[in-house]
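With the hints as constraints, model all of the structure from the sequences given.
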Amino acid sequence: MRRHSWATARDLVLALGAIALVTVGFGQLEVTNPTIVALTYLLVVLLAAALSVLWVAIVSSVVAVLLLNYFFMPPVGTFTIVDPENWVALLVLLVVSLVASNLSSSVRARAREAVARRDELSRLFDLSRDILLTTESENAHLSLARSIARRFELDYVAICLPGHGEWRLHEAGARSLVLAQGDLDTALHAAQGTLEFNARERAYGGHRTVRSTDGAEVDLVPLRLGGRAIGLLASAGRSIEPGTLDALAGVAAIAVERVQFLEERKTAEIDRQSNELKSALLASLGHDLRTPLTAIRLAASNLQAGWLSEEERRTQSDLVLTEVERLSRLFQNILDMARIETNAVTAEREWVVPGEIVDAAVTQVQHALRGHRLEVSAEHDRAVQVDPRVTSSALAHLLENAAQYSPEGSAIRIDAAATPEGLSIVVKDEGPGIAEADIPHLFERFYRGREARRHSAGAGMGLAITRGLLAAEGGRVWAENRPEGGAQFSIAVPGAIRPEEFQPGDTP
Amino acid sequence: MTRASRILLVDDELSIQRAVVPLLRSRGYEVEAASTAKDALAAVEERLPDLIILDLGLPDMDGLEVCDRVRQRWEVPIIVLSARGAEQHKVVALDRGADDYVTKPFGPEELLARIRAALRRVLTEQGPQTGQLVRGDLTIDFDRRRVLRRGEEIRLTPKEFELLVLMAGRPGLVLTHRAILKAIWGPNAVDQPEHLRVLMAQLRKKIEIDPARPRYLLTEPWVGYRFADTTP
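Heads up: the protein sequence lines correspond to chains A and B, in order. Per the working numbering, the very first residue in the first sequence carries number 1; after that it's consecutive. Per the working numbering, the very first residue in the second sequence carries number 509; after that it's consecutive.
If you're looking for bench data, these hints aren't it; they were derived computationally from the structure. In this text, a Cβ means the ideal position worked out from N, Cα and C, and glycines have one as well. A couple of the hints might just be wrong.
[Unchecked claim] To give a feel for the contact side, a few chain B residues facing chain A, derived at Cβ under 10 angstroms:
id, residue
1, Arg526
2, Gly565
3, Lys612
4, Gly615
5, Pro616
So this is what it looks like as structure tokens:
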């Protein structure tokens, strides 16, 4: 590493100053023994060698030799040397100065190198820590590139991964460069073939320096896993030693593999969840289909048997009707669920007053609400732009749920209004409320709360369908317990609102 | 029957109760219904029924657990109702003391036949088997250890005879592989169903007119065997 020239010039001035000081000092003190003077000069030269660069020491030693000759060697005041012994002395001083300077300078160079190496190592260490702390596969390549740029103080870093016919580049750093795809292809191709270790550079083959389209120098290093090159690491802004660059590329390659691994694990997790969904659906269908089927079959044959009283006959036919109703609701739920799962629900927004949505929902689940008192407070004078069918279906499921989990004869309260954000509907029941542990899972598919397992008319789909339907129009649903007891479910659907100028029955 | 048999129906599904109770009453049974395991155990404790119909999916306790608790103290026959189609659940229930099972959805005749068979089991199991048992054209002579088909003797090995007696003693009721293995070869043999398969094949060859389509020794797939109940 070169030191700045002004610092070197300062060193030179200091060294020459010191030599001048020695010369003047000894002149004043009238010291005439050339040996003492020579040793003092040597001390200055050695200090210069130890503290500055080699050529400062060399210049100092030459100047010192000349001054020694001029001022202290007889005949004093000339550069003439009479005594041959003095020749030897001068020569020895020069050689000793040079050798010592050389030694000291190479020791310092090595120390500097060691510091640089330690520095790179700690950057690598920090980088690998960054990578290990990453658990998210999303944007992981980008954050890897950012970490490298930050840790190694680079202007430009790109993780280049070959895709199908096109390179995927994850770039970071203050500069933005454009790399030629052809350069990347060539570099990767060359790296695929060679895996030779260059002992002098302490680096594997495949390093390349290319120019970006705007002329900047970019270092390309293959990202290798085992012997296989899986991509390239491009860097610019600071030249990094090939060995370090290799180690850096190695760490980056491991990180890339890790990202891939995280992604695979995520996919496997999604697969597992989808399988769980299927088996939950099957198990739930197994139970929820068999029970009504059994009841219908038995009741139908009871009806056939002819030994029933008129009242029993009515009970049995009621049973058949109720169970058929239950089956058709289940069937509708399965259809809704399938539509939500396959993203087949599309919202078609229309202007509608909140009251209409409530009416539609109540009509849909009339049978389930038979045993409950309904208290409705719904706005009729402002319209909101939502999908009326999707919204009322979602509300119907909430009502059904409220009826199912609150005692017969209790009240279910519906408040529906247009708010500045859109449509807001709140359903309150007088049931036992929701166990705290269940609240976070309430809207999960097939989740049934602890209490819910006692009841069996639903298959744990209703609330999930509510959430799925509302999500299709950007709405949401949440549950809480009311301080005065009972549960409260709230729906919020974003949408424009306007005052409803038309009377019911008019067409807008 | 000097008095009506009393049946306890344990099922949390009200619709099943509403359909099954009148069905059983119409056939002369006395019926009591319970919706939870707790109520069921209390009812058994208070007045032991002649038979329990038990749904495995109860809200407050696993049906198998109820089965265990009843079996610890009483011999009352238990018929398990299962909405779970999986055979292993049935086998576990049977191995843990249930007498038979009916899978939902079931029809009235199926349930009634199982009830009759289970109630009869209680009658036949009182005292060692002596005398003769006539099933269709088969006559089993327990005293002489002989089997006759239309008066003609069929020669059986002791093991074959044992298997036949075991099966014919519980007509209409399912016997799991484990239960048969344990009864004939002892508790160490319960994990060797091949013994039973071989013996059953031999016995069918001698007893059945068409061993491929048995009339007496019926297979309950994945569960066990059942001796035909209906008199051919």
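Hint check:
1. With its C-beta approaching chain A no nearer than about 5 angstroms, Arg526 (chain B) sits inside the 10 angstroms limit, and its interface hint holds.
2. A cut of 10 angstroms between beta carbons decides the hint on Gly565 (chain B): the least distance to chain A is about 7 angstroms, and the hint holds.
3. Because the closest C-beta pair between Lys612 (chain B) and chain A is about 4 angstroms apart, less than 10 angstroms, the hint holds.
4. With a cut of 10 angstroms, the hint placing Gly615 (chain B) at the interface with chain A holds, because the nearest CB-to-CB distance is about 6 angstroms.
5. The interface hint given for Pro616 (chain B) holds, since its Cβ lies 5 angstroms from the closest Cβ of chain A, which is under the 10 angstroms cut-off.
Violated hints are absent here; each numbered hint is respected by the structure.
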